[in-house]
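Asker: First residue of the sequence shown: 4, per the working numbering; consecutive thereafter.
Derived by calculation from the structure, the hints in this document are not laboratory data. Given the structure is predicted, the values throughout are model-derived calculations rather than measurements. Hints should not be assumed to be uniformly reliable.
As the list claims (entries may be wrong) - Pairs of lysine to any residue, SDA-like flavour, derived with a Cα cap of 20 Å:
#, residue 1, residue 2
1, 262, 57
2, 262, 204
3, 262, 177
4, 262, 236
5, 262, 62
6, 220, 190
7, 262, 234
8, 262, 169
9, 262, 195
10, 262, 181
11, 220, 197
12, 220, 186
13, 262, 54
14, 262, 224
15, 220, 262
16, 262, 245
17, 262, 172
18, 220, 188
19, 220, 245
20, 220, 181
21, 262, 247
22, 262, 56
23, 220, 172
24, 220, 247
25, 220, 184
26, 262, 190
27, 262, 58
28, 220, 230
Claimed, not checked - Ranges between beta-carbon positions, derived for each pair:
#, residue 1, residue 2, range
29, 125, 231, 31 to 39 Å
30, 144, 180, 22 to 30 Å
31, 156, 181, 16 to 24 Å
32, 217, 256, 39 to 47 Å
33, 175, 64, 31 to 39 Å
34, 235, 175, 13 to 21 Å
35, 209, 145, 23 to 31 Å
36, 215, 238, 46 to 54 Å
37, 50, 258, 38 to 46 Å
38, 214, 161, 23 to 31 Å
Glycine residues also receive a C-beta, built at the ideal position from the N, C-alpha and C atoms.
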Amino acid sequence: MTTEATRPAEAGHEATSGRNAEPGGTSSAYGESLADVYDSLYPAAGPAIDSMVAFLQELRPAPASLLELGVGTGRLAIPLARHGYRVHGVDASPAMLAKLHENDSTGSVTTAVGDFSALAVEERYDLVLTALNTFFMLPTQEQQISCLRGIHDALADGGAAVFETYNPQVYHRLTEATTRVGHLAPDALLLDTIQVNQSLQSVLVVHTIMGAGGLRKVPEVSRYAWPAEFDVMARLAGLRVTGRWADWDRSPVTDQAEKHVYVVERQSV
Numbered sequence: 004m005t006t007e008a009t010r011p012a013e014a015g016h017e018a019t020s021g022r023n024a025e026p027g028g029t030s031s032a033y034g035e036s037l038a039d040v041y042d043s044l045y046p047a048a049g050p051a052i053d054s055m056v057a058f059l060q061e062l063r064p065a066p067a068s069l070l071e072l073g074v075g076t077g078r079l080a081i082p083l084a085r086h087g088y089r090v091h092g093v094d095a096s097p098a099m100l101a102k103l104h105e106n107d108s109t110g111s112v113t114t115a116v117g118d119f120s121a122l123a124v125e126e127r128y129d130l131v132l133t134a135l136n137t138f139f140m141l142p143t144q145e146q147q148i149s150c151l152r153g154i155h156d157a158l159a160d161g162g163a164a165v166f167e168t169y170n171p172q173v174y175h176r177l178t179e180a181t182t183r184v185g186h187l188a189p190d191a192l193l194l195d196t197i198q199v200n201q202s203l204q205s206v207l208v209v210h211t212i213m214g215a216g217g218l219r220k221v222p223e224v225s226r227y228a229w230p231a232e233f234d235v236m237a238r239l240a241g242l243r244v245t246g247r248w249a250d251w252d253r254s255p256v257t258d259q260a261e262k263h264v265y266v267v268e269r270q271s272v
C-alpha cells in the first residue's frame, strides 16, 4: 500500500495550486523520505506495467493527453509516454520529481509540484490517472471530494479518469497491529507496521527501512473509501463510475481482491 507522491515543477508547464498534497505536507514528506528507494519498492517494468498500459490503450488510445496525479518517480508516466501518450504529472514532492527527470532520459514527461486535492490545470486531458492508492492518501472525505471536483474540471469532453486503490476489505479486517517484512535490496530490509482505525476508515503504515546506512522510519496515512461511498463522492463531483474491476486485466471484483480499478466519467446532463 503506497502512493506515488512527489516531483519538482518545470517552468512553462501547467501549474497547480499549492505545494503540498495535503495540509501539513503529509504526502510531500512521504515522497521526500522515500524518493531514493522508491524505484526499488516499485519497479518501472514488468507484467503489472504492461497490463496497466494495455488497459489505458483500450480505454483511450495514444496519442491521448494524460494527467497523472501523484506521478512519483515516473513508474507509470514514463512507460505511458513511450507508448505515445502526452503525459503531464503532478506531485507534492520535489525529490520524487527530480528522480523522475533522472529516469526520463528523453524528457517526454512534463511535471509540476502541486496540491491535487485542490487541482487547477489550464489544459484539459483525455485521461486522468490516479494510481497506486494515491487517492486514499488524501486524509479526509472533504479533500477526496475536492480532488474529484478538480478531476471533473480537468477532463476533456469524452475523457475518463482511472483510479487504482487498495480494496478496503484488505485493511478493514485487521483488528490488531500487523507487521510485514520484505527485502528491499541484498543489504536492506523493509519492515511495515500496520494499524487500522476502523471507525475513521484510516490506515497507518510505518515503513522501517533497515540497511547499511542505518535505520529510517517513514509514516504513511491513508483514508479508504468503500465502493458505495466512492460512487456517492463521484456523483457529488459531477462524475459517475462506469466500471470497477479487481485489476488492470478487468477481472471481476471479489471480497478477496487486493485492489480496485475504477473508471469514472462525467455525468450526462
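Asker: Which hint numbers does the structure go against, in order from smallest to largest?
Answerer: 15, 19, 23, 24, 26, 28, 31, 37 and 38
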